[in-house]
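**Q** Sequence:
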Amino acid sequence: MEPIILKLDQPRDFRGRRWTPSVCENQLRSRLEFIILGNKMTAAPYNYSYIFKYIIIGDMGVGKSCLLHQFTEKKFMADCPHTIGVEFGTRIIEVSGQKVKLQIWDTAGQERFRAVTRSYYRGAAGALMVYDITRRSTYNHLSSWLTDARNLTNPNTVIILIGNKADLEAQRDVTYEEAKQFAEENGLLFLEASAKTGENVEDAFLEAAKKIYQNIQDGSLDLNAAESGVQHKPNAPQGGRLSSDTQPQKEGCSC
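In UniProt numbering, the protein residues as written are 1 to 255.
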């Protein structure tokens, strides 16, 4: 199965009616557990052991959607339009022999959408907080994004700080050292990445997943709590390498 990207430009349900974020999220989760065969909709068997919910947050234009597309599709969208509302993608990965489905919610960075996108923080197991290394203003706003993440997610949500556009070294406006210090002071994972070249994009999503799985194993994450952001599928197959249908499609740039 190919990775899924679904863009939600306006707050409406699948029949065109207006929705609340929590309702739409539940509809998407149920819809994406089915495969359409002809005119029938048949339940698809789980081929993963866990579902982790991720959110991607940060200022407008830092490359959040580009990171999502690079991770799920191996594509760089040079002229990616600004997200209006939320964008949704999935991919199955492997962590410590367990197949994990990542459900990734890419949120709009504009202030006018903050009231809507804050609803998606609830029940997130992981948060990718992104800034642009060539725009100091996006780094300066991290404290505001982090405050939202701390206040609106559960205490065990794994937050990773990502300095995007690492390929633009000549235009760097934020040093690696100061961002690393910010991450250490706030207990965050940290790396720099490039959605354009793909550098460290895989690691950003995987490192967060490894930390979440570690929290599951040491008992600090309660899987029975709805706000944990993790769903366990105990009857799913385990172990082995990812099959080709769970890998992102290796295609060229779509735009």
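Any given hint might turn out to be false.
What the hints assert, rightly or not - Each computed EDC-like pair below joins lysine to aspartate or glutamate, with the alpha-carbon atoms no more than 16 Å apart:
1. K74 <-> E199
2. K74 <-> E169
3. K211 <-> E199
4. K210 <-> E177
5. K196 <-> D222
6. K196 <-> E207
7. K233 <-> D148
What the hints assert, rightly or not - The following label-pair restraints were derived from C-beta to C-beta distances:
8. N140 <-> G219: 35 to 45 Å
9. Y176 <-> H141: 37 to 47 Å
10. L223 <-> R150: 38 to 48 Å
The set of hints was computed from the structure by calculation and includes no laboratory data.
All C-beta atoms in this analysis are idealised placements derived from N, C-alpha and C, irrespective of residue type, glycine included.
**Q** Among the hints numbered above, which are violated by the structure, and what are their numbers in rising order?
**A** Result: hints 2, 3, 4, 5, 6, 7, 9, 10 break, sorted rising.
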